[in-house]
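Chains as they are written, first to last, in this note's numbering: chain U, 29 to 939; chain D, 29 to 939.
The list makes no distinction among identical chains, and a pair is therefore deemed to hold if it is satisfied within one copy or across any two copies.
Heads up, simulated BS3-like pairs for lysine-lysine below, C-alpha to C-alpha not over 27 Å straight-line:
| id | residue 1 | residue 2 |
| --- | --- | --- |
| 1 | K630 | K510 |
| 2 | K510 | K726 |
| 3 | K508 | K630 |
| 4 | K185 | K215 |
Simulated from the structure, these hints should not be mistaken for lab results.
All figures in this text were calculated on a predicted structure; none of them were measured in a lab.
Protein chains: 2
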Amino acid sequence: MTKYVYDFTEGNKDQKDLLGGKGANLAEMTNLGLPVPPGFTITTEACRVYLNEGASPDELGVQVTAAIRGVEAKMGKRLGDAKDPLLMSVRSGAKFSMPGMMETVLNIGLNDKSVLGLGEQSGDERFAWDSYRRLIQMFGKTVMDIEGDLFSDKLHKLQEEKGYSGDLDMTTEDLKYLVDEFKKVVKEETGQDFPQDPRQQLDMAVEAVFNSWNTDRARIYRRREHIPNDLGTGVNVQTMVFGNMGAGSGTGVCFTRDPSTGRSGVYGDYLENAQGEDVVAGIRNTLPLSALEELDKKSYDELTGIMDRLETHYRDLCDIEFTVERGKLWMLQTRVGKRTAAAAFRIADQLVNERLITHDEAVTRVTGDQLTSLLFPQFDPKADKVKVSRGMPASPGAAVGEIVMDNETAVARTREGRKVILVRRETNPDDLQGMVVAEGILTARGGKTSHAAVVARGMGRCCVVGADDLVIDDVAGTMKVKSTGKEYAVGDVIAIDGTTGEIFEGDVPVTDSPVTTFLAEGLEAGLAAADSDDARELVNAVNNIMKHADEKRRMRVRANADNPEDAELARKFDAEGIGLCRTEHMFLGDRRKLIEAMILAKDEAAQAQALDALLPLQRDDFVGIFGAMDGLPVTVRLIDPPLHEFLPDLTKLSVELARKEAAGEEISESEREILAAVLSHHEQNPMLGLRGVRLGLKIPGLIKLQVRAIAEACVLLKKEGKDPRPEIMVPLIGGVREMQIVRDLALDVIKEVSEESGISLDLPIGNMIELPRAAISADTIAAESDFFSFGTNDLTQTTWGFSRDDVEGTFFNEYFDYGVFGISPFESIDVGGVGALVDMGVQRGRYTKPDLKMGVCGEHGGDPASIHFFEKIGLNYVSCSPFRVPVARLEAGRAAIENETTYERKFETKL
Amino acid sequence: MTKYVYDFTEGNKDQKDLLGGKGANLAEMTNLGLPVPPGFTITTEACRVYLNEGASPDELGVQVTAAIRGVEAKMGKRLGDAKDPLLMSVRSGAKFSMPGMMETVLNIGLNDKSVLGLGEQSGDERFAWDSYRRLIQMFGKTVMDIEGDLFSDKLHKLQEEKGYSGDLDMTTEDLKYLVDEFKKVVKEETGQDFPQDPRQQLDMAVEAVFNSWNTDRARIYRRREHIPNDLGTGVNVQTMVFGNMGAGSGTGVCFTRDPSTGRSGVYGDYLENAQGEDVVAGIRNTLPLSALEELDKKSYDELTGIMDRLETHYRDLCDIEFTVERGKLWMLQTRVGKRTAAAAFRIADQLVNERLITHDEAVTRVTGDQLTSLLFPQFDPKADKVKVSRGMPASPGAAVGEIVMDNETAVARTREGRKVILVRRETNPDDLQGMVVAEGILTARGGKTSHAAVVARGMGRCCVVGADDLVIDDVAGTMKVKSTGKEYAVGDVIAIDGTTGEIFEGDVPVTDSPVTTFLAEGLEAGLAAADSDDARELVNAVNNIMKHADEKRRMRVRANADNPEDAELARKFDAEGIGLCRTEHMFLGDRRKLIEAMILAKDEAAQAQALDALLPLQRDDFVGIFGAMDGLPVTVRLIDPPLHEFLPDLTKLSVELARKEAAGEEISESEREILAAVLSHHEQNPMLGLRGVRLGLKIPGLIKLQVRAIAEACVLLKKEGKDPRPEIMVPLIGGVREMQIVRDLALDVIKEVSEESGISLDLPIGNMIELPRAAISADTIAAESDFFSFGTNDLTQTTWGFSRDDVEGTFFNEYFDYGVFGISPFESIDVGGVGALVDMGVQRGRYTKPDLKMGVCGEHGGDPASIHFFEKIGLNYVSCSPFRVPVARLEAGRAAIENETTYERKFETKL
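Isolated chain U (complex conformation) (with noise of 0.2 Å):
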């Protein structure tokens, strides 16, 4: 027989996924004889049965009633019974905590006649009644689906009538009176009486905490939260205790440590004569938990002590629910506190300090997600704001500035020292400028991998994006807010956040972080920076923690970077290098002309000159990158993009000239060029057409170029003594034999350049692997490559047929809501689809050279859980934009940490 049911005896707190975090807490607790009050759990296990079975398995009812006679031995009373009532709670406890999604029922066993029995035993009527009273309301709403409000208005309507203040002034007999009127609401609403047995009151109530579990509000913060749908709740059915017997009866909530601060000494509020519902409606103000010293000393101290001995038991801050029952300390809930970011940093450093638990423990108690919230600037918490609407959150920080809608408003009010935000519909390469000059970037289309959200998250720059609220018109200059019909124009002060997506009215302040200081500056400027002992201490803890996830990391951290402004910034985070460096940005402001006219070439020779012309524009660049670099390597991807992106939108041209036409102005002979060019590269599908390495099978020359502006670049650097460390790239590959030709193109054009120069040029050649044949056929393209770069976002667009532009926006939303994925794959690495490609690629790539250096630079390289990941199927480093990189040092340490004592190789495929 299944076990369902466990008494608070039985189980532990490791059982979290059986009996749900609070029952195994309860549990914990029981077994370290704290005074709890005694109950069982019944598993979700159980849950699972009945949700998928529509009925309780058989063998539950069995077990309840076995268990339900355990704690009426204990307690000497009996369940619902007429003279001395055992009063029961039953509460929902999941394995992760859910706060106030799902359903809880208290009082259970009160009747018609066993409320006179509670009036007795306590010596207090009221008290009788009003249990009573909150019973059937409860268990009216959550159990029989009554509407919460036909209650709680015949409760408002007598107190107003009687001239009431609030539920303390009623009298026995108008808790009566409501009773009554309760019953009477149940039986009009359901057609049948509320339930007297106390165990079809009990069994009724498991089965609404089962079935609260798939409520919308339940499901729709798993899924914001990223848990499971197919866990199951636990059930938690325990002795009732009374926090509100009078004076010396109350309730509490305490935590070991400040959760909010993390500063060290207990920390919490209570409640006299109150029970635990009460606290969370907020009717009355709480006491800090001092207050208890002074009212019960004797309980007090008992909970200090039980708080002591819960922290070096559990190892962490606890969080902790108790309640005082006429002088008696009763333990209701303990768990692990949830704490904010800082206070996640300084418990863990404490906890070290106080030599109970060690360094490596350390840098799991914290996480990337948690680092990045102390990095970016925030607006000031307790500043006045007014909300103008929202988007999606796309880089984090806080950023206020005047709206402007094109790059040379955007460029010249910022020389005149003026803040801006950029506001466009959607941004495309050519908003760059803006984007670089401005505070952060707002837009009204595109999802959290449009090209306004990845370029300012490779900036680190705050980006709100798909403001769908917002009507964005750049002719007129205006941007309209479509809920609230306001409207605000160019030079209109906003505020966007770019870590909640709100969007904001005005000058709103904004407070600077210490920990980005220390991060970027060293530990004496961030010290300096800070403005309290709370921020100093945060300083330090976040620097032992992050010294010791350094030197605990296998995997190497690079930056993503394209200029020398983003490489001093990379070197800055300690990166060890960059991990991509994206050509074609260089190709882009005045350098687009010779591009075009390089395709726009009628012959060789008008190639050849337009390819000349850029040489030393590239060689320049790399020069500057190297240079930033001096001495780490610098991971050089050629050119990528498809080459209709250098030239005009089709739709856009054709309309502007059949315009033209029909004006009857004359089309000049370069407009049909550019028009017949634009109709010959146009494509379909672009990100499956003619780029990458395509592109340098196809013009040659642009490929020689890269190679020779890279090698030059290096014999000039060598010659002022420098050590500049490129590596060369190839992006797009599918097979080894496109691998061959670039590389045989391109070592002649570096043997060339050494043989000009006379210095010796030794450049590693290396290929992307971002298409599944690449991934498949890795052990042949290994031989012909000096490394594999992962390129793990067009590896997600073709492994599932996603293109990155389209499928956000469009039917993204269907698929979390029918949990096909519960994060989108492009956010955090699909493990079982791409990951496995991933996985695959460095078996085959590692059967054919066991040594060969293989990174990823995808957007993934900066996601904490894309990065454990990497860990465990050994790449040697990840490469993410330089902002991330504090965090992917962090997540890095942290997977060698876990790898190193929980390590097993899941990841075989089955093949």
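The hints should help you fit chain D onto chain U, whose structure is shown.
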């Protein structure tokens, strides 16, 4: 020491890899005791070393010396001896025959001294000097790279001056003069003297043959014939024999059966007093082989005896070259002879009857491509044709008709009983109606897998694409030929050959194929349609071989068909079901408006209304198809393409509206709405966008409509006592969750229809595997799926990152040139990449469900090489266009037979 040289006595016919075809067969004949002039073969390995290292391997010279000494000993002569010189020929010979692609040098060993000895020994001074003249000319051109015209100009000038009518008029003195002149040419052009050292002549000739492997024409030939570039050629060095030693000498080519018709009985040509080159040069007319019987009965009898022996030995048609030198017969070459498709079938059938080969072998002696060429009507080869231009042959056949450029004209003229060719710049789904009624389709753009090509092949309609020499102006109704300036107009009659890509002017007579009649109507009808004994014997041979192939094949063959007409056609060709019934074509034409209404619907009610209107139409479609395939499975693919395909093109519409606006015309509300819809459905990469199952999750009503139409069609047919067997197929599945959701939706609808009708329905629901992720997670998907169908077109697109619509025209030519692949992965499955994923999908799917039915429905289902791969990995069926069904049946039979005897599982992946 690697053995690089094999005397003819050392090799055998199975060593083609090492010795090349010619060398292996010369060795085989030598060992059979046939009169082969002694000689030796330098291996292909020596060639590969030479090409890789740029020099011959050291050991080669030593081994050649030994081999020459061996031949000298046999002949009792020494190479280039001044008195009695041994002369040798140097000929290429690769594994696969590449006629005329590489070099030959004859008469090696002649120099200023030995020419005198040869004159004396042969008693024919003129012959000796003519041989020397030929050597210098041939050697100069092929070994020393001198422009051939420099020699032939001298020769022609002499003949002109002397008033000669041909080579035979030249006197000994003339030839001596020419030898002098030719030597001067050599000196002038190369700065070196013509080499007098016979061994140097030989070594240089051998290297020239090696080098000829990499000439442009050889590379182009190999690309066309799919011969790998890295095989290299063997070199055959053989004692010269002379057919030009006067009467009683001669040379000939013969076959053991007629390679053109397949008729039994020897067949060949003979030329008296001539060398092989003279036959090739076509200077004099050859005699039929029977002439030799009269001229030299002894040699004729010996030759026919040898022919018989060779055919018995090779168990196949042999192709033989021989020379008679003064009454002595010499065998110069034999090989299994090339033959026409008709001859292949007839000879295979004859050899079975003659008990030379088994039925199994007969099936492997013919190919699907050969059968294909027997199926399509062809232009009468004897007719006079005026060529207009040529394009790429996309779908075989021969079609004649008036040029039309739009559906309306196409339909109108065919209604009048006229035949039309649809001529378009490129086609799109809108052109379907015109394609259906046209005899053939001609486009100026697009590759072999463009829309026009795929649809035309699907319909078995003759089609030529990518004729980029044509400028199609559909407004003016003209087709202009760029290269000639000629112009044709709508109504002009043209003829297109889908087998060669040629385009002709005017009416060209077409001949029909009795094999097609046989396959579609049965043996009796086929024999009745045959108009000659040859044709009747061919029909019988095809019948015998197809019968055996059908008996032996393991895989089922289904057809792709979207309408009852195609379904009936498929049945005629013995398709065992429909493997792909696309449903999107059912939404075209008049119904497009309903889909447009669904897309534009402002609320769910309007959407439901549009869907409801589609229901009876879809149901009728299915009643037609399931009825036509009564008792056989029909795999219905739910709607797949992106919705915007049903809306106007963005650029076109934008230009249209811009023009209207510029002209001051008002733009209607509905035009604005359509533009808005087009904009909101526009995708950057529609291939990777909102399509397939994603549409189903976004608009569940669409799937419900389709499933209901399928289920209701079944109910209607079952009520008529029929046996409909639809299988519902979900496209573009990436993971199991998508499949679960659609499956649940579909099962609900099927249950509803079952309950409404009282007729129980049990319809299999399976999915396409056409994304890498589906192949990777096939084990989990299998749990929710009743069958898999591999969509290898789309799988190729995502695995390689190739958009079929874009890449073939832009860079595939470079990819062929560079040898990235020998054949487009869209034509024949890319075994190492896409094939590995299909294999992975098969293995993982069967891991979960060992009996899961699996098929393929991409274009590859009709491709011979791909069919063999699918047999090896264990698919249950292939599906192809109705006209390819006989080909697929034959190839599946061949594959099963080959697999039975040589089956080795080569596709184990290395994971």
